[in-house]
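> Residues per chain, in single letters:
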Amino acid sequence: MSLRHNSNILRQNPPPPTQLPRRSALASSRLVPAAQFRTAAVLQHNVITKPKPGEGLKVTYVTPEGERITVLANDGDNLLDLAHAYDIDLEGACEGSLACSTCHVVLEDEFYDKLEEPSDEENDMLDLAFALTETSRLGCQVCMSTKLDGMTVKLPSATRNLAVDKKR
Amino acid sequence: MLTARFCCSLRRRVPLPSSTLVAIRNVPLHATFSASAHCRSLSAHPPPASVEPLTIGIIGSGPAGFYTAQHLLKNLSHAKIDMYESLPIPYGLARFGVSPDHPEVKNVIHKFASIAEDSRFRFVGNVTVGRDVPFSKLASCYDAVVLSYGAAEDRKLGLPNEESTKNVFAARAFVGWYNGIPEYAGLEPDLTSSDTAVIAGQGNVALDVARTLLTPPDVLAKTDITEHALEALRKSKIRHVHLLGRRGPLQIAFTAKELREMIALPDTKLDVDINVVKEQVSADAEALATDRQRRRLMELLVQGATKKFDSPTARTWSLKFMRSPAGLVQSQNGSLAAVQLEKNRLEGSLQNPKAVGTGEVEELPAGLLIRSIGYKSVRLFDEVPFDPKRSLIPNVKGRVVDGDAPVPGLYVSGWLKRGPSGVIAATMYCAIETATAIVEGLQAGHFATRVASRGPGGFDALEPLLKAKGVDPVSFSDWKHIDRVETELGAKRGKPREKLVDVKAMMDVVAAGRANR
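As they're listed, the protein sequences go chains F and P. Quick note on UniProt numbering: the first sequence kicks off at 1 and runs consecutively. Quick note on UniProt numbering: the second sequence kicks off at 1 and runs consecutively.
Don't read these hints as lab results, they were simulated from the structure. On a predicted model such as this, the values are computed, not experimentally measured, just so you know. Incorrect hints may have been included.
Just a few of them, taken from the derived set where beta-carbon distance is under 7 Å, the chain F residues facing chain P [what the hints assert, rightly or not]: (1) A93; (2) C94; (3) E95; (4) S97; (5) A99; (6) C100; (7) T102; (8) D124; (9) D127.
Even glycine gets a Cβ: it sits at the ideal position worked out from N, Cα and C.
If we strip away everything but chain F, and leave its shape as in the complex, we get:
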């Protein structure tokens, strides 16, 4: 439990490597300043399970404040469930059922292009997302695979411009 406490202190002031808490050999050897590597997933729920050592796919989430959080995923884990499992602030009001746009994420060009086009239903929801970009997707619709290994995912700001309901 103290792991979670420490990991959140790191969010505020990432210390130089020598001051990092020892969580696991793997973590401290890969950690770089201004980044974190989360190994403790919330395993309360059986949606996301921790990958076996050496088998995980890497995903780095970048929060609106610029903090970078790298986690390990299994093939098939979607970006919303993954974020929740690692305590990353990504809303998912409709719980992944394509009825809202709160899990909106922005991918890098090269990874966006590797994915299939969003469905009409996903595009309908993306229409309503704040600060939509050319490489935006709904996190609940993007499932990790080997071709997405190493991807970085940007999280748009939660405190958004409230002029969302476009008045005409």
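With the hints as your guide, set chain P onto chain F.
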């Protein structure tokens, strides 16, 4: 272990399965620092001298109230929240507004249920603030009050015999009728005297009503639609629904998802003056090139309007543009027989034109008129400023203001804050802003005198008063019993739940639940 740093986030993010309703107790683990921008800036301020719990009263139990509570609990380790609701049951429009055939939108209720189980939160149902307890008395028991009671009324068309003509209803009432608002259970719309219904308005609520009227009843029978509405819809003769828009296709207020659902209705054709659509779309081509949402909507509209059918369909719906209801023709018994429509022309900008009547009137025979032109908030409390024109409580980012001056301790979120339109997600972000205003207010010492001068406060202080008046507050556990009963009743009929539509029936179930505990 809790630290003294005030910006503490005691949430535990637990991923929820979308298919099960799980009430999870929010167990505070350790003080953690929330990553959100607003909390980050707060962590730079010193903590207040006292760590007395900030006692907050929320009036209204819909998404606005719950999302505000969620973000307060997330950012204030010491918070006590009491949420008041007039009905014995929570969730507001998430239960009473969202269409029966949109169960996935109702997934938000799982989050609300987990918030309600937080030990720092108390649901107080069956208490009408203003009637059962004066607002000023309630406000004196809390450090902050959040008004999130939404919009209880609707905008009228302003037609001469609008109130006196039978079978003319507000969409709010009609939706409330099929969604189980006790007040509208006895609405008894006549769906058999005519095959045509007219809906004034082209927003998502108008589409919800149209879709409910045109969906095969066997499909609706598997949803949580109320039984009395289902029976009426099985007997319904309505096969044609016309949606009227004062202005043009570019001003359509509904969104692509809902339009797609209408187009997918079996054996149902969409009638639209396609020339008007194409003309407006090409006139506005430049703006549409950068307005993805509107462009996709127009493309879908053309697609739906040009869909080919081999033979005449059993049902039709239409979008009539540039038409305003101008009068109502009554049949001999005072029921609606036809709607008089005035043709409009558009003046001004393409993006936001004005509809100007041309004087040209046509008559559209119809037996049912549903008015879906917007909701209206009600001024419930004299002590609270209100803007009737914009139908909201004047505020700055959720902090209630009287002119320029902030009103101490008063906050607002949801439709009451922004005006009565917008989906649940928009309300979620709105609630975050209000919760932030409260947390920042705490940091700035706005609550110091209130906390110091208030007595024990909260519901504990009000309970004796309510009991003396014969009011029977309903707890979240009581609601959970109603929930179980509704779910069991629904299971017998192949429905996710059978909603209780009568307050007395709800209270009887509550009493039975208490007797068994």
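> When the nearest CB of chain P is found for A99 of chain F, is that gap smaller than 7 Å?
This interface hint holds because 4 Å falls under the 7 Å limit.
> Would the hint on E95 of chain F be counted as holding, given a Cβ-Cβ threshold of 7 Å to chain P?
E95 of chain F check passes; min Cβ-Cβ to chain P is 4 Å, inside 7 Å.
> Is the shortest C-beta separation between C100 of chain F and chain P less than 7 Å?
Since chain P brings a Cβ to about 5 Å from C100 of chain F, closer than 7 Å, the hint holds.
> Return the status of the interface hint for D124 of chain F: holds when the least beta-carbon distance to chain P is below 7 Å, violated otherwise.
4 Å, holds
> Hint C94 of chain F vs chain P: min CB-CB distance below 7 Å?
Because about 5 Å separates C94 of chain F from the closest Cβ in chain P, which is inside the 7 Å limit, the hint holds.
> Under the criterion of a CB-CB separation shorter than 7 Å, is D127 of chain F in contact with chain P as hinted?
Cβ of D127 of chain F sits 4 Å from chain P, so the hint holds.
> Please check whether S97 of chain F passes as an interface residue: C-beta within 7 Å of a C-beta belonging to chain P.
4 Å, holds
> Is the hint on A93 of chain F kept, meaning its closest Cβ partner in chain P is under 7 Å away?
Hint on A93 of chain F: holds, closest Cβ of chain P at ~5 Å, below 7 Å.
> Taking 7 Å as the limit, does the beta-carbon of T102 of chain F come near enough to a beta-carbon in chain P?
At about 5 Å, which falls below the 7 Å cut-off, the nearest Cβ of chain P leaves the hint on T102 of chain F intact, so it holds.
Checked against the numbered hints above, the structure breaks none of them.
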